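There are 2 protein chains.
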Amino acid sequence: MSKARGRVTLPSQSGFLTETKEIMEKWGADALRDSDGTKLDQELKELDAKIYTTYFVARGHNDFAREHMDECQQMLLMSKRNLATSTELTIDFLDGYFREQVVPDYRHDPHTWWEVIDRTTGEVLPVSCWQVDTQKHLVLLEQAIPFHEYTVSFFVYAIWDPTQMYNHITNDWGDKPHEIPFDVRLPHSGRFATDYLTSWLKENPDTDVVRFTTFFYHFTLVFNEEAREKFVDWFGYGATVSIQAFEEFEAEYGYALRPEDIVDNGYYNTAFRVPTKAYLDYMDFIQRFVAKKAKELVDITHAAGKEAMMFLGDNWIGTEPYGPYFREIGMDAVVGSVGGGATLRLISDIPHVKYTEGRFLPYFFPDTFYEGNDPCVEAVENWLSARRALMRSPLDRIGYGGYLSLAYQFPKFIDYIAQVTEEFRTIYDNVKGKRPYCGLKVAVLNAWGRLRSWQTHMVAHALWYKQTYSYFGVLEALSGAAVDVSFLSFQDIRTGGIPADVDVILNVGDAGTAFSGGEEWLDPKLVTAIRQWVYGGGAFLGIGEPSAIHHQGRFFQLADVLGVDKELGYTLSTDKYFHTALSSHFITADAKDAFCFGESQHNIYALSRQTEILEYSDNEVHLAAHPYGKGRGVYISGLPYSHENTRLLMRAMYYAAHKEEAFRRWHTDNLFCEVHAYPETGKYAIVNNSNDTQSTVFYDGNGEATQVTLKPCQILWK
Amino acid sequence: MSKARGRVTLPSQSGFLTETKEIMEKWGADALRDSDGTKLDQELKELDAKIYTTYFVARGHNDFAREHMDECQQMLLMSKRNLATSTELTIDFLDGYFREQVVPDYRHDPHTWWEVIDRTTGEVLPVSCWQVDTQKHLVLLEQAIPFHEYTVSFFVYAIWDPTQMYNHITNDWGDKPHEIPFDVRLPHSGRFATDYLTSWLKENPDTDVVRFTTFFYHFTLVFNEEAREKFVDWFGYGATVSIQAFEEFEAEYGYALRPEDIVDNGYYNTAFRVPTKAYLDYMDFIQRFVAKKAKELVDITHAAGKEAMMFLGDNWIGTEPYGPYFREIGMDAVVGSVGGGATLRLISDIPHVKYTEGRFLPYFFPDTFYEGNDPCVEAVENWLSARRALMRSPLDRIGYGGYLSLAYQFPKFIDYIAQVTEEFRTIYDNVKGKRPYCGLKVAVLNAWGRLRSWQTHMVAHALWYKQTYSYFGVLEALSGAAVDVSFLSFQDIRTGGIPADVDVILNVGDAGTAFSGGEEWLDPKLVTAIRQWVYGGGAFLGIGEPSAIHHQGRFFQLADVLGVDKELGYTLSTDKYFHTALSSHFITADAKDAFCFGESQHNIYALSRQTEILEYSDNEVHLAAHPYGKGRGVYISGLPYSHENTRLLMRAMYYAAHKEEAFRRWHTDNLFCEVHAYPETGKYAIVNNSNDTQSTVFYDGNGEATQVTLKPCQILWK
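Chains A and B supply the protein sequences, listed in that same order.
In this text, residue positions in the first sequence follow UniProt numbering: the first is 1, and each later residue adds one.
In this text, residue positions in the second sequence follow UniProt numbering: the first is 1, and each later residue adds one.
Just so you know, these hints were derived from the structure itself, not from any lab.
Note that the structure is a prediction, hence the values are computed from the model and not measured.
The reader is advised that the hints may include incorrect statements.
Copies of the same chain look alike in the list, so a pair counts if it fits in one copy or across any two.
Said to hold, decoys possible - With a cut-off of at most 30 Å between alpha-carbon atoms, the simulated DSSO-like pairs for lysine-lysine come out as follows:
id	residue 1	residue 2
1	K434	K718
2	K230	K202
3	K466	K592
4	K295	K354
5	K202	K293
6	K39	K202
7	K576	K136
8	K293	K277
9	K80	K630
Make a model of the complete structure from these sequences and hints.
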């Protein structure tokens, strides 16, 4: 074993002992894991490595599940919208759903638990107006209003675990049994979960780490009638719903949830929706249950002398690591997938665990590992984007997943990862436990706050969306920047004010979303708290449609702070004289080429001469700053991730915070490079974030400049 | 005089007799007018031509006005927004206004008539909370909430007529007296207006036509502290407001108007705002007064044996020619400025007058008529764009304005206009009184309906705005198209249903504006009326954000009809599989190059497989059609005016109306050409709308095709 062994997890598979040992040696791996579709055989388990074993709590036990179909997991679904063309309307409420995934719950009286809603008016129909044909799965309306649209919100049983369903369909697994998810809230299932784990632990003495994948409730994932994805929300509580949960909720909270509290116009309370009080109550209710139940399993695991690790994904709902109850679960570790800097920080910043682990890309699957392709390309990109974030907040371990036998056929890749693992260990040794130099304390303000740290503008984990990349870029830029990042909710400000040490508040997103804030901005307490704070010297940076809701003559409720507002057509009659961009400014000092604001916002205009317009094109403002008392507001119309935009954001934040003079401490003028300093140890690293040679002026902590040249991807430790 | 004399009005000026006669001859002019800054001398008035004389009713009589400053016109203005940083706040409410234009009204108690509003909450402050310092023109608040914004809505006297003010400042007229506008609602002014006209008519025996410029109330035009335009709304009732009017309104309607009913968050109820009940009541109140009072002046004019002509502009508020009271005024004629097809139709479609006259461009001013410039370029463009509309609905007369002496220096221009006037008379003879062939009956649906016929998406008359050109293009396209165009309000549909003969309803504009409809779409009666009508075979064409307001899971309330909706972020979790544009379709059959949707709307997506996507790019739909029962919906994301887009609109309307088979009647395949047929007389014209030679297949009323070639700008009469 080399000296630098450790902190690396390797996937392996049966009959691959020699090669596994060889790669373990090369990468310094000290843990082995199974993956979807692979198992570790006894010889592998006897190697000098920790053994991780994937464990499913609430599926994969069909013998039990089939005997307790009344304990299947449930969901509340909304039918399609159905147009009445006469006073009679028949609604095929399952139309559009995948009948192998869900079946209607007729065990509980639909007239008690379902809702039929007139979507033209929003009214709930009296139950006397409709009947259910349980043979044909139809809802029959008799007093419909012609040319109104109607929906049915109905309970189903979910009879197929969505992750297994996805793998099953994608890999064409034929008649392999469908794994039935059961609900541990119900008595037999709850008992089964603990009993089975107890016996499983006995039967798996070689396992060191139980890799829970995950606990009880899958994020919302619903398929359509063609067995294709219909709805996916990585944050969704859709699969936590049940009649039992509704009843227990009412008993505890003193009010009954309506189906519409969950169905939410068919939006199902995605993370983009400003959450309602009922939904927040419901989430809290679920989180407390999940934490309590998960703690039972973790305690059993610990009692068996093993560690409990949680996969951040799949059945993770209710375990949110930044939520108030995560600590109580007592997890040892969390492992998750790393797509870039923000997804790395999502894992590495998790509190209350002994260690975190990131699964890096590429996954060892044939979509990347095929003849003629170079898997190093994806690996380099993944590593460079994630490495910035590692320098700020290191994971404790890194790992890979998939078929090792496949990766083994690409020796150049094996060698490259050997370099990566070595570099990771060096970073870890230099960085772990040391507080990096942070020039600013930045708070991202939205409806979710800390709960969804590093998780804004995500739909399905790390997927690209046209509507999100111009905002998610802000998180990606922040993930590796020399600033201290926190997440603040509107409620935090209402109850506790703005934390004294925050330099810059960021509000990022489209109008009406949870990330911008929507109706939250009608609250004078929130608006005045921020105004007062900025006026006294604070910094407010709005991206997209910050503080936007149309009210009292303004669209941006903090237009007075930002110095810009959005033209909705109502102020076209008001002359707008301010459309000349300043030729030079602190914020744009490093901008050489055209700006890239991504999807951008349109029709933004400056309110007065005080607004410093920094970019004006196509008859609209895309970048501006504005004095406000002793503080400043800055507006950016969109900010996709790039090195250029990272620099723009940094300058915008320093300017907003009136800390321009501190900008050139631990700094490089070349925007492809960054500096990470660790004052406690006196160490610092100049990092080339690109795969090209870079030359840069480097400024140390006193602003003293020297010239350095960095090789592609190089980290220069001093 | 040549045989083809007539229907043309010439501006003239003192000491220009010979040249005037020469141009009269060349252009066949039969009327002479004065202009701003020119007078006709006696010799000119004796020529064989009707004499128009500009007449101002409510300004230009400072001797009278100065004796009755309590009868000055009034306005209600909103101060800037003022941020309170403590509980005391001093508001310089005139800040930002031009103090030569307006002075505060302290004659009437501010505590009775003004409002101080907390714009952070929308609450009106009790009058006990504020005082007015009438010496310093300040409002003093004592119990302000720190970091709330406050505005003062206050009455002023308007002491300078805005049109004279504009000319005075623009032309640097120095100490020329400011013309004070007086309010004919008040006793002395009302009497003065009639008395003065009576004597003026006696003193101007040579005048044949009194060109009222205009009546009593100017459209809203307010200047800022730098004497530049601050607010302009060609439709605005800002200058109709007075204490007297408020008192009379309350007496008649039984409720008092609040200042906010007029001030409207500082938007002042521009035509883009969905009108409130109070504002509609107020408009009606003003319109009835204006019609009654204007009728008095028209009656006096007629009694003197002269004609009454109204200029469509300046002090035109309350005379709206498409309003319910215009007929009662008894005007003989209306004259207005023609910027293109839509502004021509705005004049030529006016009912209840003996004749209409369009003033064409260019205006004979030095901005066009300077050495080295060819005024023909603007003239050709203006004529070609307006001519399409003339072919559908002719003006009775055309004319020009400005300094004839200036135009006279451009002989090529003089000759070109001679051609134009000749062509106009030929068109008129062939077209006037004949109903042109219309393949479809089209209704433009918005909050204003008939009242603002041909006036949608206008701010200041015919000016270009980034936010409007993508919608105004629809009107411009329709103005010369072989369809019958009407204007319908939401209220029309609610009270009278959809007229039986309408083929296509168009809803065009941005969400929340009067042109799209905003909250009107929450009315189930409206939504169901349109759904039912389309379902039964009607056609709904939405452009921009039609029927848009977020409600019950939809942004477009007629998304079911259109087959598309707009992604607001709430349905990102819902998979969208429909993004393949059809390679060929009736609507896009003539599209050769890239589409131009102007500013366009973004994030539009197709709801189902039934939606026929016709253009998809940048991850969004810009053009789509959708079956709905026996009818169809069509969506276009924006439609600036062009020949290509005119064709696209025509095809979209024919398709939506299920009349594809009738599309090739009285039609040319070359989209730079159009056909106008007059079945009563058997005549038809094939028109080349371009300044290039065009070759086209021409289809007659039976769809029989022949090939024709047209010279630049040619009209081929058959």
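The hints, checked one at a time:
no. : hint        : in the structure
1   : K434 x K718 : within (15 Å within a copy, 90 Å between copies)
2   : K230 x K202 : neither (40 Å within a copy, 81 Å between copies)
3   : K466 x K592 : both (26 Å within a copy, 28 Å between copies)
4   : K295 x K354 : within (16 Å within a copy, 89 Å between copies)
5   : K202 x K293 : within (20 Å within a copy, 99 Å between copies)
6   : K39 x K202  : within (18 Å within a copy, 110 Å between copies)
7   : K576 x K136 : between (62 Å within a copy, 28 Å between copies)
8   : K293 x K277 : within (24 Å within a copy, 58 Å between copies)
9   : K80 x K630  : between (53 Å within a copy, 21 Å between copies)
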